[in-house]
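*Asks:* Sequence:
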Amino acid sequence: MQIYNEFELIARLTHGLTTRPDVALGVGDDCALLDIGSDSQLLATCDSQVEGVHFTLRTSTPEQIGRKALAVNLSDIAAMGGVPRFALISLVIPPRFSQEALEGIYRGLRQEAERHQVAIVGGNIAGAGQGKQLMLDITLLGTVRRGQAITRGGAQIGDVLCVTGSLGDSAAGLFTLLHPDGTGAENALTFVQARHRTPVPRVAEGRVLSAFGPAVVTAMLDISDGLSGDLQHLCERSGVGARVFAEHLPLTEEMQAIAARVGKDPLDWALHGGEDYELLFTLRPEKAREVIEAVQAQTGTRITRIGEIIPSGMCLIAPSGTEQPLQVRSWDHLH
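Using the numbering used here, count along the sequence shown one by one with no gaps and you end on 335.
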């Protein structure tokens, strides 16, 4: 039997699906975009978190697990420039899982929902039978003003490539949780572990960006699988390539200190680590300064220009100026 990677399998399973006239955008982006006949369009996304794959009770508290489970869905809404509104939570529960831990997960879900004015409106509970892993599946609905949704497919040659926040912190945090001995100073550990356990979805930033519209902010997605892999998704959907400047990548002092302590390359974590849940987006060059200043002024979040859109291929420019192909080594759920 042939084993596909995650995105090949999605394409194979969804090829030829029946659609409807009110589906403005279906499979292939951070959210589906649906026409509900008003000044706004509906955004719909879902995401599963599996114990032992996405989280463990050894490295996170139940509250942290709940917060992150909703945050990764909120990040999808942010990536389209939308406002999150309604969530449905499904749990598949193994026999051994304690009620106390489940209540803790729901406390975390409620905390994250309240931060973003999201109503949890339903869901489902099922037993896992002989299965030993807890599974959380969340469906999140949001809205975006008609004409302002930002997709992955609009990047143009000459656009400026930007990212919110910093890269590689979550990968560093996961490393320190899996290798707890001698990985760095306490303040650095606290910072990167929080970035891994409780990521902050860039909802406010996404809304500021979408207000400029897709003629200015031409493409956007969130960095969940790693910069290299998610940039590849953006390029494939837009039919373009990208040039990334290594020395421009935003790296925190905390992440770099831990990388130095454990003999890891911080650039590797930044390019391929995943779960940063920052926004990766492209701007028309003549509007780049205005957009960047607006996001930073309204949200306080740092925006960094990390590259540019080119006709084809993905390349990395080293600090020395040498150019090399940008290899994709990001998360794949099936491997």
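One or more hints might be untrue.
Cut-off 16 Å, straight-line C-alpha distance, at most; resulting in silico cross-link-like pairs (EDC-like, lysine to aspartate or glutamate) [claimed, not checked]:
1) Lys132 <-> Glu51
2) Lys287 <-> Glu308
3) Lys132 <-> Glu114
Listed next, with one range per pair, are the computed distances between beta-carbon atoms [unchecked claim]:
4) Pro95 <-> Pro21: 29 to 39 Å
5) Val53 <-> Glu8: 16 to 26 Å
6) Ala297 <-> Glu100: 38 to 48 Å
7) Asn124 <-> Leu17: 41 to 51 Å
8) Ser320 <-> Pro21: 49 to 59 Å
9) Asp35 <-> Glu114: 44 to 54 Å
10) Thr322 <-> Gln99: 42 to 52 Å
11) Pro180 <-> Glu236: 34 to 44 Å
12) Pro95 <-> Gly239: 46 to 56 Å
13) Ile157 <-> Arg107: 21 to 31 Å
14) Ser320 <-> Ala24: 22 to 32 Å
15) Gln156 <-> Gly26: 45 to 55 Å
16) Val27 <-> Cys315: 20 to 30 Å
17) Ala297 <-> Pro94: 41 to 51 Å
Just so you know, the hints here were simulated from the structure itself, not pulled from any lab data. Yeah, the Cβ is synthetic: ideal placement off N, Cα and C, and Gly gets one too.
*Asks:* Work down the list of hints and note, for each, if the structure agrees.
*Replies:* Structure-based check of all given hints:
1. The suggested pairing of Lys132 with Glu51 holds, with an alpha-carbon distance near 9 Å, which does not exceed 16 Å.
2. Our distance criterion of 16 Å between C-alpha atoms is met by Lys287 and Glu308, whose separation comes to about 14 Å.
3. Our distance criterion of 16 Å between C-alpha atoms is broken by Lys132 and Glu114, whose separation comes to about 30 Å.
4. Between Pro95 and Pro21 the C-beta distance comes to about 46 Å, which lies outside the given range of 29 to 39 Å.
5. Between Val53 and Glu8 the Cβ separation comes to about 19 Å, which falls inside the hinted range of 16 to 26 Å.
6. Hint check: Ala297 to Glu100, Cβ distance near 44 Å, so the stated range 38 to 48 Å holds.
7. The hint said 41 to 51 Å for the Cβ distance between Asn124 and Leu17, and at roughly 23 Å that hint is violated.
8. Between Ser320 and Pro21 the CB atoms are about 53 Å apart, so this pair conforms to the stated range of 49 to 59 Å.
9. The hint said 44 to 54 Å for the Cβ distance between Asp35 and Glu114, and at roughly 30 Å that hint is violated.
10. Take Thr322 and Gln99: their Cβ atoms lie about 57 Å apart, and the range 42 to 52 Å is violated.
11. At roughly 38 Å, the beta-carbon separation of Pro180 and Glu236 lies within the given 34 to 44 Å, and the hint holds.
12. The given range of 46 to 56 Å is respected by Pro95 and Gly239, whose C-beta atoms sit roughly 49 Å from each other.
13. In this structure the hint that Ile157 and Arg107 lie 21 to 31 Å apart at CB is violated, the actual value being about 48 Å.
14. The given range of 22 to 32 Å is broken by Ser320 and Ala24, whose C-beta atoms sit roughly 45 Å from each other.
15. The hint said 45 to 55 Å for the Cβ distance between Gln156 and Gly26, and at roughly 23 Å that hint is violated.
16. The hinted window of 20 to 30 Å between Val27 and Cys315 holds, with their beta carbons roughly 29 Å apart.
17. Taking the beta carbon of each, Ala297 and Pro94 are about 48 Å apart, inside 41 to 51 Å as hinted.
The structure fails to meet hints 3, 4, 7, 9, 10, 13, 14 and 15 from the earlier list, while all remaining hints are met.
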